[in-house]
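Student: Chain residues, written in single-letter form:
Number of protein chains: 2
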Amino acid sequence: MIPVRRFKENPLITPKDIVPSTPGVRVLGAFNPGAFVWNYEMCMLVRVSEAPIPPDPDTVIAPYFDFSSGERQLKSWTFSRKDPAYDFSDTRLVKSRDRTWITSASHLRIARSKDGIHFKVDDKPTLWPANEYENLGIEDPRVVYLEDRYLITFSAISRDHGVCSNLVTTQDWKTFEHRGVLFVPDNKDICIFPARVKDRYIALHRPSTSMLGMPNLWIAESDDLVHWGRHECLLKVRPGQWDSARVGCGPAPILTDEGWLAFYHGSDNTNYYMGAVLLDRDNPYRVIARSEDPIFQPVELYEKEGFFANVVFCNGLIESWGGRVFLYYGAADMCCAGVEVKVKDVLDDLLKR
Amino acid sequence: MIPVRRFKENPLITPKDIVPSTPGVRVLGAFNPGAFVWNYEMCMLVRVSEAPIPPDPDTVIAPYFDFSSGERQLKSWTFSRKDPAYDFSDTRLVKSRDRTWITSASHLRIARSKDGIHFKVDDKPTLWPANEYENLGIEDPRVVYLEDRYLITFSAISRDHGVCSNLVTTQDWKTFEHRGVLFVPDNKDICIFPARVKDRYIALHRPSTSMLGMPNLWIAESDDLVHWGRHECLLKVRPGQWDSARVGCGPAPILTDEGWLAFYHGSDNTNYYMGAVLLDRDNPYRVIARSEDPIFQPVELYEKEGFFANVVFCNGLIESWGGRVFLYYGAADMCCAGVEVKVKDVLDDLLKR
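Residue numbers (the numbering used here), protein chains in the order written: chain D, 900 to 1252; chain Z, 900 to 1252.
Watch out, some of these pointers could steer you wrong.
Copies of the same chain look alike in the list, so a pair counts if it works inside one copy or between any two.
[What the hints assert, rightly or not] With a straight-line Cα cutoff of 16 Å, these simulated EDC-like cross-link-like pairs (lysine to aspartate or glutamate) come out:
id, residue 1, residue 2
1, K1135, E1031
2, K1013, D982
3, K915, D982
4, K1243, E1157
5, K1241, E1157
6, K1135, D1059
7, K1203, E1046
8, K915, E1046
9, K1251, D965
10, K1135, E1191
11, K1243, E1131
12, K994, D1122
13, K1023, D1247
14, K1097, D1179
15, K915, D957
16, K1019, E940
17, K981, D916
18, K981, D957
19, K1019, D986
Quick caveat, the hints were computed from the structure, so don't treat them as lab data.
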């Protein structure tokens, strides 16, 4: 077992800490944060999920953004829980026989701290859904600093297009350049390495399939961050293990003496867990080692109960001192929390030293 | 109505014309051909679907290729039609509650002709499934000649990875270079333009989604045919029309005086139809016009009955004389057939001239 120290201040951010973006809307979750250092502060880029406040408990509202006027307008579909044509059993979704709606829409918002533990969340969204590829929200950002700018990759959710992986870049966290769709639907959980490997940019990403195949983790390369190729499956789900049902990357990998260390999430359909994989320094298409057991998993109440229960989902990492990293994660699709681990402990476990 | 002349020799190729690739296997379909000119002959690259011969009518066999030994080995799963755990209602599939199998596996095979009508099919496969991304077969090729070589793009079907779009190139139709996965799962129906546009290669492709979104047609660009980006949705399904349920490209577009003319297929869940779209010559991301009505649709018996009924699916085109094109298509997922149309008639219809 790897020593994993949960911050005693967990959860670090809860929905109560968030000022709603829009009148008449409530915050359902503040979770799955990316993380980065900016202006001498340790920051999270938090996924804030919101929905219009329903008039009564029997009403479920599924929000979306309409860009047809040229401006972003919040609109919604309304459902009654008493209507037998709809299935409300998954809190995140409304399902009919042939269609699905999402019960919240997410934007991204900065939370700032001096110590990595006590965060103050901005009053206003940092990044809004901006186009029809994002009209049901933007989710689960990974932030990495690469060659004079921050790269923000995230899942873009769309009613017409499903889920794709988009890139936005910024140098000042005020102006943002939208670089479009990097990986086409359905695709999520994309992180870009913090440095080129043999002159090429590298990304991890997770295509999803419908009829055949499993949600495996893939790797790709690029010369310019826009055009991606040489796609290969890097990690498959492992039947019977903690990552049997799905795998996807965590935050951007970090370079260690032993190679690229990438934390990743796995699910067995009962829990979401965090593990790690070690990739060759010069050829990250080669897996050196992979966690037999999870590094951490839902244990605390805030991880076992929430909007979607039994989830730890880490997509934020900040390197600390003394060979430690802070891992920021979403707990039960509701809160932000953090743990500290020693890189050496993770490498020792991976390399069975 | 655009005048569309079906070849009176249709169907041009049927399963009876195909020598099975392997002892103990039967040919279920010879359909969805790509088309090209090679060595003074008009050729089709035919999708040949095969399955092991079942011992009795109650048995259904789903074949796959095993590459674990380093060699390609044909293996299969066997099902009884009497087993209530499985659904056999779609002839192409066997479904359980949580898994799907495919009742045939496809390879690609050349058929040669002097006149574009009377074809002789090679006795042996031209292109076999070659790796784990293709272990349930390779399907629906598009062939285009571009800068001294033929590009063959096709759907790669995999039990682990779903459906992705792969590229193989050849200069002599004897040796083939496998260029890997261009678009990650689920993705199919990929064609590459026969010339660069403003120095960039252009492709059409069709991501598929699971929970949200529709099977729309996308466009992408590349500098090197390997790394692709600037993905945008080009054509959406149109509710209430013939292409309401899915759209996907046909053969590689052809350059006309009015722009790039791309034939594409659409389905309304009752039939597969063929229509066309006209794209800007200098900016194929811009749609100039799109068929209101199908150009042709299943009418003949060989189109209305077969392995999967009511399908015309064109992914092969050869330019003929006098402004005509031959369109080669799969009829009912079983046979190859052809029609002749005048490009001017299609353009007049698109531009309402």
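Student: Indicate, hint by hint, whether the structure satisfies it.
Tutor: Verification of the supplied hints:
no.	hint	in the structure
1	K1135 - E1031	between (31 Å within a copy, 12 Å between copies)
2	K1013 - D982	neither (49 Å within a copy, 63 Å between copies)
3	K915 - D982	neither (31 Å within a copy, 53 Å between copies)
4	K1243 - E1157	within (10 Å within a copy, 63 Å between copies)
5	K1241 - E1157	within (14 Å within a copy, 63 Å between copies)
6	K1135 - D1059	between (29 Å within a copy, 8 Å between copies)
7	K1203 - E1046	neither (39 Å within a copy, 58 Å between copies)
8	K915 - E1046	neither (36 Å within a copy, 60 Å between copies)
9	K1251 - D965	neither (52 Å within a copy, 32 Å between copies)
10	K1135 - E1191	within (13 Å within a copy, 44 Å between copies)
11	K1243 - E1131	neither (28 Å within a copy, 43 Å between copies)
12	K994 - D1122	neither (41 Å within a copy, 42 Å between copies)
13	K1023 - D1247	neither (42 Å within a copy, 53 Å between copies)
14	K1097 - D1179	within (12 Å within a copy, 38 Å between copies)
15	K915 - D957	neither (23 Å within a copy, 61 Å between copies)
16	K1019 - E940	within (11 Å within a copy, 71 Å between copies)
17	K981 - D916	neither (32 Å within a copy, 58 Å between copies)
18	K981 - D957	within (7 Å within a copy, 44 Å between copies)
19	K1019 - D986	neither (37 Å within a copy, 55 Å between copies)
In the structure shown, a violation is registered for the earlier hints numbered 2, 3, 7, 8, 9, 11, 12, 13, 15, 17 and 19, in ascending order.
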